[in-house]
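Given chain A, work out where chain V should sit, using these hints.
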Amino acid sequence: MTKRSKSYFCFILFFALSLGAARAQDAAPRGDAARGKALYESTGCYECHTYAGIGSSQGSRLVPPLAFGAFLKQLRLPRAVMPPYEAAVLSDAQIADLYAYVSSLPRTPASAKLD
Amino acid sequence: MPDPIVPIPRRLFLAAAASVPTLAASGAAAQPQAPATPGKSIPATPAAEEDLAPEIAKITIRDPGSDFMVDVLKTLDLDYIATVPGSSFRGLHESLINHGGNRKPEILTCLHEDSAVALAHGYAKSAGKPMAVLVHGVVGLQHASMAIYNAFADQAPILVLAGNLQATAARRGGAEAQHSAHDQGAMVRDFVKWDEQPTSLQDFAEGTVRAYDIATTAPTAPVLVVCDAQAQEEPVAADERAQLRIPTLKERHAPVGDNAALRQAAQWLTGAANPVIFVDHYPRGEKAGADLAALAEALQAAVVNARGQLIFPNRHPLHQTERAAEVLRQADVILALEAIDFFSLLVTMPDRVGARDAPRVPAAAKVIRLGLTDTMTRANYGLYDRYAAADLAISGDAAASLPVLVEEVKRIGLPTSAAARGKALAAASSALLGRARSEALYGWDASPIATARTSVEVWNRIRHDDWVLASEQQWLSDWPSRLWDFDKAYRSTGNAGAAGVGYNAAAAIGSALANKKLGRLTVAFAGDGDYLMAPGVMWTAAHHQIPLLMIVHNNRGYHQEVMHVQRMADRRSRGVDRIHIGTKIEDPNIDFAKIAQGYGVHAEGPVSHPAELGPALDRALAVVRRGMPALIDVLGQPR
Numbered sequence: 027m028t029k030r031s032k033s034y035f036c037f038i039l040f041f042a043l044s045l046g047a048a049r050a051q052d053a054a055p056r057g058d059a060a061r062g063k064a065l066y067e068s069t070g071c072y073e074c075h076t077y078a079g080i081g082s083s084q085g086s087r088l089v090p091p092l093a094f095g096a097f098l099k100q101l102r103l104p105r106a107v108m109p110p111y112e113a114a115v116l117s118d119a120q121i122a123d124l125y126a127y128v129s130s131l132p133r134t135p136a137s138a139k140l141d
Numbered sequence: 005m006p007d008p009i010v011p012i013p014r015r016l017f018l019a020a021a022a023s024v025p026t027l028a029a030s031g032a033a034a035q036p037q038a039p040a041t042p043g044k045s046i047p048a049t050p051a052a053e054e055d056l057a058p059e060i061a062k063i064t065i066r067d068p069g070s071d072f073m074v075d076v077l078k079t080l081d082l083d084y085i086a087t088v089p090g091s092s093f094r095g096l097h098e099s100l101i102n103h104g105g106n107r108k109p110e111i112l113t114c115l116h117e118d119s120a121v122a123l124a125h126g127y128a129k130s131a132g133k134p135m136a137v138l139v140h141g142v143v144g145l146q147h148a149s150m151a152i153y154n155a156f157a158d159q160a161p162i163l164v165l166a167g168n169l170q171a172t173a174a175r176r177g178g179a180e181a182q183h184s185a186h187d188q189g190a191m192v193r194d195f196v197k198w199d200e201q202p203t204s205l206q207d208f209a210e211g212t213v214r215a216y217d218i219a220t221t222a223p224t225a226p227v228l229v230v231c232d233a234q235a236q237e238e239p240v241a242a243d244e245r246a247q248l249r250i251p252t253l254k255e256r257h258a259p260v261g262d263n264a265a266l267r268q269a270a271q272w273l274t275g276a277a278n279p280v281i282f283v284d285h286y287p288r289g290e291k292a293g294a295d296l297a298a299l300a301e302a303l304q305a306a307v308v309n310a311r312g313q314l315i316f317p318n319r320h321p322l323h324q325t326e327r328a329a330e331v332l333r334q335a336d337v338i339l340a341l342e343a344i345d346f347f348s349l350l351v352t353m354p355d356r357v358g359a360r361d362a363p364r365v366p367a368a369a370k371v372i373r374l375g376l377t378d379t380m381t382r383a384n385y386g387l388y389d390r391y392a393a394a395d396l397a398i399s400g401d402a403a404a405s406l407p408v409l410v411e412e413v414k415r416i417g418l419p420t421s422a423a424a425r426g427k428a429l430a431a432a433s434s435a436l437l438g439r440a441r442s443e444a445l446y447g448w449d450a451s452p453i454a455t456a457r458t459s460v461e462v463w464n465r466i467r468h469d470d471w472v473l474a475s476e477q478q479w480l481s482d483w484p485s486r487l488w489d490f491d492k493a494y495r496s497t498g499n500a501g502a503a504g505v506g507y508n509a510a511a512a513i514g515s516a517l518a519n520k521k522l523g524r525l526t527v528a529f530a531g532d533g534d535y536l537m538a539p540g541v542m543w544t545a546a547h548h549q550i551p552l553l554m555i556v557h558n559n560r561g562y563h564q565e566v567m568h569v570q571r572m573a574d575r576r577s578r579g580v581d582r583i584h585i586g587t588k589i590e591d592p593n594i595d596f597a598k599i600a601q602g603y604g605v606h607a608e609g610p611v612s613h614p615a616e617l618g619p620a621l622d623r624a625l626a627v628v629r630r631g632m633p634a635l636i637d638v639l640g641q642p643r
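The listed protein sequences derive, respectively, from chains A and V. So for the first sequence, this note's numbering puts the first residue at 27; every next one is plus one. So for the second sequence, this note's numbering puts the first residue at 5; every next one is plus one.
Treat each hint with caution, since some may be false.
Stated by the list, open to error - In silico lysine-lysine, DSS-like type, Cα no more than 30 Å apart, as pairs: (1) 139/A / 492/V; (2) 63/A / 588/V; (3) 254/V / 108/V.
To be verified - Computed from the model, here is a short list of chain A residues facing chain V with C-beta under 8 Å: (4) 68; (5) 70; (6) 78; (7) 80; (8) 89; (9) 93; (10) 107; (11) 114; (12) 117; (13) 136; (14) 140.
No lab work stands behind these hints, which were simulated from the structure alone. Heads up, the beta-carbon is just placed ideally off N, CA and C, and yes, glycines get one too.
In isolation and in its complexed conformation, chain A is listed as follows (with noise of 0.2 Å):
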């Protein structure tokens, strides 16, 4: 592959992937953020990412949210450590809900300055 091609290839990789992922947000099912908050607490989310979603050694920060297809297949098919959560134990639509709370989260850091 020539440099260009390999660059060409590149954009319409990027492209394909950005049209996905922002398809994939655009299908975020509607989910009940009160209902995600009561499953990131008794599913365990909370463990390794926290109550506020802020991550930790154990768990990568959640907020901003991911776009919400791969935010599904990280709880399907998990990428690094992070266990699986099989659909007998969190359904499609368990997840859209929690995916409603983890939007919810504040999504900014705070604007103090550490030194």
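Frame of chain A, contents of chain V only:
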């Protein structure tokens, strides 16, 4: 049922009988030996009772063997002896406080042997020398054993003394028999560097001085000396005492690695495109630290601290611990200093179903191992883990060898391109700090309190002091190591060694005791599960006026285990709604402040809102600066 007849040991009987005429003739029958230090003297026997002197002499003792044992301990550089009292060393205990005047060593009263040893563990790391710990026969040593294991894994020198009654026929039965053994060392032999069960006072003198010598010679470690109760309690005749000899401890020099091997190492390191220095159980001393920095700078090499060790300053431009995976992946020469878990430096295995070994370094990378740590490898326990061979292994004390290595590296010199490498590492290090400061602000106002927020609130209040973090910090997602300025190796005392719980609070108090003398402010974090193993150690801090800011990171659970059980439940797709069973510490929630207050310690909490944390810390630190311990229970995000 009549009391059982207690046989008077023959030696004791003869000593008492022999002393009778002399005592009677001199008229000084009941004059006690003057204590080594001023104190209340026992009144002389009234004249009317002089005729009782022979009988009294039969049931009293002068010049007990334990006085000589104290004389032995006083020849060693021991400031303290931590103990939970036990009858198997009652003679030695009495000699410590009366014959020895409770000075060098001074008794520290503890409420659990595990805490006594952990306290000595923390003390050794901050004082740079051992403390003695005196434990009860068998059961006391059993209590102490986990903490001894931690200290062995962490290579902390401790002189452990255990009571015992060796002679079976001299035991009164019951507890005295149950708390005696023919070979107490068997209990801990796999994780002490040396042990001795002396059978005479001369053996005790030689065994104890030798034990101290071995404990303090690198690689340093705990040692055990068993103190026989009969030897403690029987008198020592003057002529016998005159024969006893206490060996003098002499200076010992650490071995420097082979010169040719160090030259080879210097060749590889100076020729490397991406050299990495991995620092594990390297000493925390000032000279050792300066030599390490000199080597890193001479090589323009990335430096990675072993997890939790924080030996190399975290804001040095060449410090790359948080980028360890990346720099190791790119490394072509790696120098490992005093590495204990050497295999894990080179290979990782993620906690996933079907996981396999995954290399952390390129197959072509040359690996140099310099140190003495692997001379402590033992057969049974997994401290030294799986085997991996270095391309160049140099048996020599790393700190003693580094000046030679630095000299050789400077003699060879570096290509001019090395300066660019150093600049790139400095930029990466600086970017990491900036990123950490930004990340810390997520969840800043969250309740329970974010671990980053707790770390910042503490840091802002101690940064202008000469401070020490005397605990592990993984409970707080390692935020202190990301945000605080660990500019000197003594700022951190590292970790427990073998991850045995109950370490942090006790070790922090030991460190604080050493720091008190050095004028340093000590802070520590302990997870609630870890802290609850031995909260009574706070009483020891209050009783002995040891200043320390103790923060309980309260996530109301054995959180590591919450995550492990959840991982199992998820892998098995059985739901996670029952993982709290056996893992959570709630219902009722524990009131840590009330417990600490019960031990006489200033305490507040649970503090669950970040706005309340700063003022609570201010009040606690005011107490600490007055020389007393304080505790804050912080209800935090889980990690």
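Worksheet item: In ascending order, which of the hints set out earlier in this document are inconsistent with the structure?
Response: Numbers 9, 12, in rising order.
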